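Enquirer: As a plain string of letters, each chain reads:
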Amino acid sequence: MDPKDKRSFKLAIVADYFINPARYKDLPLNSAVYDVLRDLGYGILKMPEAGYPPEKAAEYLIPVMDQAEEYIKRGYQVIAVGLKEIQDGGIHYSLIREEASRRGINPPRLLLLSTSENLNDRSFITQKVSVPL
Amino acid sequence: MVRKVVFLANCLLNQNAKVAQFAFYPGIVYPVVDLLRSRGYEVEQLPCPELTFMGVNRWWQTKDQYDTPGYRKHCRALAKSTADLVEYYKRQGCKVYLVGLDGSPSSGVRLTGRNPAWGGRPYATIEQYQVVEGKGVWIEELEAELARRGLSFDGETGVPMDVPGFRMEDAVKELEKFFE
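Going down the list, the sequences are from chains A and B. What the first sequence shows, in this note's numbering, is residues 1 to 133, in sequence order. What the second sequence shows, in this note's numbering, is residues 134 to 313, in sequence order.
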C-alpha cells in the first residue's frame with residue numbers, strides 16, 4: 001500500500017453501547033473502549049442499538065458481513081467487541097458466527113467485555129484488544 | 134430533550150474502507166467523531182457501497198463510472214436496511230442528520246467527483262479528478278429510498294476529505310458551525 005495511505009488494516013465490529021453509551025440507562029456511562037479502539041487505529045463497523053428489532057438487525061448485519069468478508073479475504077484483521085450484559089454481546093455474535101460459517105470464513109475473534117471488569121482501565125482494555133489473532 | 138442522531142459515511146468511522154492513497158487516518162476520523170460524541174450526538178454508520186461492490190483494492194473512479202444500473206441497484210439494496218434504521222429513529226421523534234464524504238463519487242453530499250473521460254487502461258492523476266457540486270450515487274439512492282417512505286434527513290453536510298487541498302482544521306470548524 002502507498003506510504004501516503006495511513007490505514008491500519010485493523011477493524012472491529014463493535015456493539016452500539018461502546019459508541020453511544022448514553023442510550024443504555026442501566027449500564028455504566030463511561031468506558032475506555034471507544035478511546036482505546038480509536039487510539040490503536042481500529043476502524044469501526046458499528047452494529048445497531050440493542051433495542052433494534054432482531055429481524056431488522058439480521059438484515060442490517062448482511063452488508064456488515066459483506067464488508068468483514070472482503071476485509072478478511074484481503075488479509076485485514078477483524079475482531080468483534082461486545083458486552084456480556086447485552087444479549088448476544090450487543091453485536092448479534094451468534095448471527096455473525098452463522099454468517100461466517102455460511103461464507104466459509106472464520107468468524108472474527110470475539111472480545112466479550114463485562115461490566116464486572118473495569119471498563120475504564122485503558123491498560124486493561126488495550127491488553128484485551130491487543131491479543132494476537 | 135430531543136435526541137439527535139447522525140448517520141456518518143462509513144469511512145468516517147473506518148478509513149480502511151477508503152480507496153488506495155485516500156486513508157488519512159488509521160481507523161476512526163477522530164476529529165469528526167469525537168466532536169459529535171462530545172456534543173451529545175448519537176452516531177450511526179452508513180455501509181460502504183464501493184467496498185461491497187468493488188472491494189477494498191478498487192481503482193479510483195468518478196461518479197460517471199459509478200453511475201451504472203448495476204451499481205445503482207446495489208445502492209438501492211443497501212439503502213433499504215439503512216432507511217429502516219433512519220425510520221426507526223424518526224419514529225422515536227429523533228432529529229436525524231447526515232454527514233457524508235464530500236468529493237466522493239458515492240458518498241458526496243455537497244460535492245462529488247467527475248471526469249467523463251476516465252475509463253479503460255487505469256491511469257489517473259489527482260488533477261484530473263474534477264470536484265463539482267452534486268451528490269454521489271449512493272447518497273442519491275439513499276435519499277430516493279427515504280423519499281419513497283416520506284422521510285428526509287433533518288440536515289446534511291459532508292466532510293470534504295476527497296477534495297484536493299482538504300484541511301481537517303477547516304472541516305471541523307465548518308462542522309461545529311453546522312451543528313450549532
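Everything labelled a hint here was simulated from the structure, so no lab data went into it. Heads up, some of the hints might be wrong.
[Claimed, not checked] With a straight-line cut-off of 27 Å between C-alpha atoms, the simulated DSS-like cross-links for lysine-lysine are:
1. A:LYS56 to B:LYS213
2. B:LYS306 to A:LYS56
3. A:LYS25 to A:LYS73
4. B:LYS206 to A:LYS25
5. B:LYS223 to A:LYS56
6. A:LYS25 to B:LYS223
7. B:LYS228 to A:LYS4
8. B:LYS137 to A:LYS56
9. B:LYS306 to A:LYS73
Quick caveat, the model's predicted, so the values are computed rather than measured.
Enquirer: Holds or violated: are the alpha carbons of LYS228 of chain B and LYS4 of chain A at most 27 Å from each other?
Expert: Given pair LYS228 of chain B, LYS4 of chain A is violated - Cα atoms ~37 Å apart, limit 27 Å.
Enquirer: Given the hinted pair LYS56 of chain A and LYS213 of chain B, is their alpha-carbon gap at most 27 Å?
Expert: holds (10 Å)
Enquirer: Just to be careful, I want the Cα atoms of LYS25 of chain A and LYS73 of chain A compared with a cutoff of 27 Å; is the pair within it?
Expert: violated (38 Å)
Enquirer: Would you mind confirming whether the straight-line C-alpha gap from LYS206 of chain B to LYS25 of chain A stays at or under 27 Å?
Expert: violated (39 Å)
Enquirer: Do the alpha carbons of LYS306 of chain B and LYS56 of chain A lie within 27 Å of each other, as the hint requires?
Expert: The hint is violated at about 36 Å.
Enquirer: Run the distance test for LYS137 of chain B versus LYS56 of chain A: straight-line Cα separation, threshold 27 Å.
Expert: Holds: LYS137 of chain B and LYS56 of chain A sit about 21 Å apart, inside 27 Å.
Enquirer: Check whether the Cα positions of LYS306 of chain B and LYS73 of chain A lie no farther apart than 27 Å.
Expert: With a Cα-Cα distance of about 38 Å, the restraint between LYS306 of chain B and LYS73 of chain A is violated, given a limit of 27 Å.
Enquirer: Taking 27 Å as the top limit, are the C-alpha atoms of LYS223 of chain B and LYS56 of chain A close enough?
Expert: OK: LYS223 of chain B and LYS56 of chain A at ~15 Å, within 27 Å.
Enquirer: Between LYS25 of chain A and LYS223 of chain B, does the CA-CA distance stay at or below 27 Å?
Expert: The hint holds at about 21 Å.
In terms of the numbered hints stated before, the structure departs from hints 2, 3, 4, 7 and 9, listed from lowest to highest.
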